[in-house]
Amino acid sequence: MHLTSILPTLTAAFLASVVEVVEAFTIVLAVALTRSWRPALTGTFAALGLLVVLVLIFGPLFALIPLGVMQFVVGTLLVLFGMRWLRKAILRASGFIALHDEEAAFAKETDALTKLAADKRADWLAGMAAFKAVLLEGVEVVFIVIAVGTAHHMTWIAGLGALAAAVAVLLVGAVVHKPLSTVPENTLKFAVGLMLTSFGIFWTGEGLGAAWPGADLSILAILVILLIVSLVAVSVMNGTCGRQEAV
Amino acid sequence: MQFIKSIFSELLGLFVDDGNLALQVLGLIVIVALAVRLGGLMPLAGAGLLLLGCIVILALSLRRMLRR
Chain A
1 MHLTSILPTL TAAFLASVVE VVEAFTIVLA VALTRSWRPA LTGTFAALGL
51 LVVLVLIFGP LFALIPLGVM QFVVGTLLVL FGMRWLRKAI LRASGFIALH
101 DEEAAFAKET DALTKLAADK RADWLAGMAA FKAVLLEGVE VVFIVIAVGT
151 AHHMTWIAGL GALAAAVAVL LVGAVVHKPL STVPENTLKF AVGLMLTSFG
201 IFWTGEGLGA AWPGADLSIL AILVILLIVS LVAVSVMNGT CGRQEAV
Chain B
1 MQFIKSIFSE LLGLFVDDGN LALQVLGLIV IVALAVRLGG LMPLAGAGLL
51 LLGCIVILAL SLRRMLRR
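Chains as they are written, first to last, in the numbering used here: chain A, 1 to 247; chain B, 1 to 68.
Take the hints with a grain of salt, since some may be wrong.
[What the hints assert, rightly or not] Each computed DSS-like pair below joins lysine-lysine, with the alpha-carbon atoms no more than 25 Å apart:
# : chain 1 : residue 1 : chain 2 : residue 2
1 : A       : LYS108    : A       : LYS132
2 : A       : LYS115    : B       : LYS5
3 : A       : LYS108    : B       : LYS5
4 : A       : LYS115    : A       : LYS88
5 : B       : LYS5      : A       : LYS120
6 : A       : LYS120    : A       : LYS132
7 : A       : LYS132    : B       : LYS5
[What the hints assert, rightly or not] Stretches of chain B that chain A covers, calculated by requiring three or more beta carbons in the stretch to come under 8 Å of a beta carbon on chain A:
# : segment
8 : 23-34
9 : 51-64
If you're looking for bench data, these hints aren't it; they were derived computationally from the structure. Note that CB positions come from ideal geometry on N, CA and C, so glycine has one too.
Based on the provided sequences and hints, a complete structural model is requested.
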């Protein structure tokens, strides 16, 4: 196991998980501050429990899939997942669509929960909101850990990256006690989109039987190419948006 | 039921945002895989084609957004 494999895996899992945990934290905090911590934590732990069950059921099945097939399938999913993030990050960085705003997400959730305050099932609905947020963001974290870790048998390293992200976000969140809106989410998404797309292209290629020159170092080369293309795209789109505004 | 439906639709949304982009990526991967397995294309050349194709598909998707 080389540092050239460990570092990208750990970094990709950590950064991607930070984005997901921050988004889940915003909703859980909105539930806790609008209703109480009871439905927030009940929903959170129920979702985490379901995630653990899903991992325990489906995790061992991955070991049965031949490595080449696994690299091809996981690589394909990573390309889809990574390019979706990268595209959105480029659109946001160029000002084409609005940046994701944790304060706005918090306000929207708080508003929705406040409207339900008179409902008998308010606590139940608040708990379900926390459950859904943690489950969906958690599924993304689990997918990222499996995807960046499995193909090179480094799931535990990717898992450590995700765990570190969760601990970091929760510690900061516990201290500031408000949505983590100062996290540079789009920069993180940009970086993670580049990383996941690079991993995806690398593994799909390996799944096809390609022996990449420089082995894992090729991931870095792919990432640099995609970074250059993305920065050019942001610059071109910035110029186009500017011209449209000027007209 | 509505809740489960919304969860599944959001799960699908993890991989598919711009439907055209997702379809084109899948199409590219299938074509490259067939070219390598059946067409005798060298795997490394196929991998390079995959990288190039992804860049073109991303550029096309961004151009579509610009035109909207």
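Hints, one by one, checked against the model:
1. A/LYS108 <-> A/LYS132: Cα-Cα ~15 Å, so holds.
2. A/LYS115 <-> B/LYS5: Measuring from Cα to Cα gives roughly 23 Å; hence the hint holds.
3. A/LYS108 <-> B/LYS5: Roughly 22 Å separates the two Cα atoms, so the pair holds.
4. A/LYS115 <-> A/LYS88: Violated. A/LYS115 to A/LYS88 sits at ~31 Å, over the 25 Å cutoff.
5. B/LYS5 <-> A/LYS120: At roughly 24 Å apart (the allowed maximum being 25 Å), A/LYS120 and B/LYS5 satisfy the hint.
6. A/LYS120 <-> A/LYS132: 20 Å, holds
7. A/LYS132 <-> B/LYS5: Between A/LYS132 and B/LYS5 the Cα gap is close to 12 Å, so the pair holds against 25 Å.
8. 23-34: Held - the segment 23-34 of chain B has 5 residues with a Cβ nearer than 8 Å to chain A, which meets the minimum of three.
9. 51-64: Contact hint for the segment 51-64 of chain B vs chain A: holds, 8 residues under 8 Å.
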